[in-house]
Each structure stands twice: as C-alpha cells, then as structure tokens.
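Student: Sequence:
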Amino acid sequence: MFFSSNGHPGLGQFDVFAVEELGGVKVLTNMGAPINSRYDEISFTMSAAGNRAFVASTRGERVGYDLYEIVPVPVAIDPMMFASGTVRDSKSRPTAATITVTDLVNNYTVGVFNTDPHTGRYALVLPRGFDYAITAQSLDHLFHSERIDVPFGLEQNAERMIDFKLQPISGSVRLLVFFKDDESSLERVSVSDLDRAALFLRANPTVRVEIAGHNDLDGPKENKSVALERAQAVKAYLVGNRVPADRIDVKSYGASQPIGSNETADGRALNRRVEMRILKN
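Numbering-wise, the sequence shown is residues 0 to 280 according to numbering that gives the first Met the number 0.
No wet-lab data here; the hints were simulated from the structure.
Note that CB positions come from ideal geometry on N, CA and C, so glycine has one too.
Misleading hints may appear alongside valid ones.
[Claimed, not checked] When the alpha-carbon atoms are kept at most 25 Å apart in a straight line, the in silico PhoX-like pairs for lysine-lysine are as follows: (1) K164 x K25; (2) K179 x K250; (3) K223 x K234; (4) K250 x K223; (5) K234 x K179; (6) K90 x K179; (7) K90 x K279.
[Claimed, not checked] Simulated restraints on C-beta separations: (8) R241 x N50: 48 to 54 Å; (9) V72 x S4: 15 to 21 Å; (10) G170 x V111: 35 to 41 Å; (11) P243 x S46: 48 to 54 Å; (12) P116 x F2: 44 to 50 Å; (13) K179 x A202: 29 to 35 Å; (14) V70 x L138: 39 to 45 Å; (15) P116 x V72: 27 to 33 Å; (16) Y38 x N240: 16 to 22 Å.
Could you put together the complete structure from these sequences and hints?
Tutor: Here it is, written out as structure tokens:
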C-alpha cells in the first residue's frame with residue numbers, strides 16, 4: 000500500500016511511503032528520490048503493467064501540483080490485480096453506483112468507491128494474497144457481487160474485467176455464497192453477501208423473497224435435496240439476522256434452470272448457485 004504523509008521522517012514535506020507486512024509486522028519505507036523531493040508528493044499511482052509510476056508534486060517553477068511520470072520504477076512492487084469494468088442497469092445503460100471491495104475471509108471492508116456517473120466505469124488495484132468480493136450497488140437496484148481471488152503466489156501483474164448488470168428491486172440476484180461439495184453448511188466466506196442481503200431486507204420491510212437453490216446435472220438424484228438444504232441454510236442465516244421468517248420462501252429448482260454449460264467446470268460452477276428473487280416489493 001502507498002500513501003503520502005508529512006508525519007514521518009522524509010526528504011521534504013509530504014512524501015510517498017510504502018507499507019509492507021513482513022511476518023505480521025508492518026514495515027514503513029520512504030520511497031526516496033526521484034519519487035520524493037524536498038517539495039510535496041501525493042497521489043502516487045502505478046501503471047497496470049507495473050513499469051511506470053505517476054506522482055503529483057509541487058516541485059519545479061510552476062504554482063500548484065504537476066503530474067510527473069517515473070520510468071523505470073526505482074523500487075520493486077509486489078504483483079497486483081487490476082480489476083475494472085462498467086456498471087449498467089437492467090436496460091444496459093451506464094449507471095452511477097458504489098463499488099465495495101470486501102476481504103471475504105475476514106469479512107472486512109477494504110474500500111468503497113464510486114463509478115464514473117456518466118460512463119459507469121470503475122478501476123481497482125487489488126494487492127495479492129486475498130480473496131475478494133466486489134459488490135456493485137445503485138439506487139433502486141439489487142446489489143450484485145462477484146468473487147475475485149488474488150493468490151499470494153501471483154508472480155506478475157494481472158488484469159481482470161468484471162462488468163455488472165444490476166436488476167431492479169423486482170428481479171433476482173445470485174448470492175455470493177459458498178458450500179463444500181454436496182454439503183449444505185455455509186462456508187465463512189459467505190458471510191459478506193448474506194449480511195448485505197439481511198441489511199437490504201431489514202431496510203425494505205415490505206419486501207418478500209424466495210431463496211432458490213440450484214444445482215448442476217452432475218451427481219446423484221439427491222442434488223435437488225442438497226439445493227433445498229442450501230436454500231434453507233441461507234434462510235436460517237437471514238432469520239438469525241433479524242429478518243422475519245414469514246418474509247422468506249425457500250425452493251429447490253435442482254438442475255432445471257441452468258445459466259451455464261454443464262459441459263465445462265466453469266459452467267457447472269455457475270449452475271450450483273443460490274438466488275434471491277423478489278416476490279413482493
């Protein structure tokens with residue numbers, strides 16, 4: 000992580016610092032020259048390829064901040080994931096939205112960002128070593144979350160495009176919940192989206208929903224009952240978080256409504272899902 004501060008020893012006024020965690024201890028490093036000078040340096044940014052850096056500085060003869068490009072970058076930077084995309088509404092129009100990045104393992108909010116209100120575009124830099132959820136939310140729409148795992152073993156910068164198409168509060172949304180194979184116990188990384196669903200239902204007390212369990216075509220006939228048990232597990236979590244049980248129906252659709260190809264592992268993973276559908280608004 001990079002930040003600017005005038006509260007630590009440096010070359011001048013505001014300097015750019017890097018923070019790295021080593022053995023559970025956070026180590027602070029001044030980025031030094033040519034990134035820093037005896038003037039102010041702020042808004043340090045890396046290019047997606049990691050071979051260029053940019054910094055705003057008051058150095059030079061002109062008044063105010065100017066943007067400087069630094070090539071090559073004089074320090075080794077850990078590989079990162081650069082995620083970007085567009086948020087659109089149900090009619091495919093770009094929309095203003097908030098993007099929330101969550102550490103799924105610790106259920107910790109890493110940051111909240113806004114899309115460009117005119118284009119719906121967003122861009123994120125995600126450090127390696129974390130399992131993230133990226134959630135898009137917009138007024139009068141259901142939230143939508145996608146998972147992006149950035150392993151610590153990432154050896155070079157990577158890019159991923161994630162577009163969102165938000166549904167109105169009369170449609171349905173796939174919940175970002177996870178189970179072990181052929182089991183119905185919720186994994187810990189499911190908490191983030193379930194808490195978000197509970198918050199939505201508490202904030203909209205007239206809404207009734209159906210929690211629908213789906214499965215792929217692989218496996219035994221018991222798949223349909225597993226899908227139902229998973230939907231029931233989601234309902235139990237929501238009820239435990241102060242959502243009245245009579246506002247939540249559960250149903251298993253088994254493998255009758257695939258959204259991906261059952262010929263591929265990725266397609267089957269898409270089909271094994273739990274959705275929340277609005278019954279009454």
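Student: Would you list, in rising numerical order, the hints stated earlier that this structure does not obey?
Tutor: Hint check: 1, 6, 10, 12 and 16 fail, others pass.
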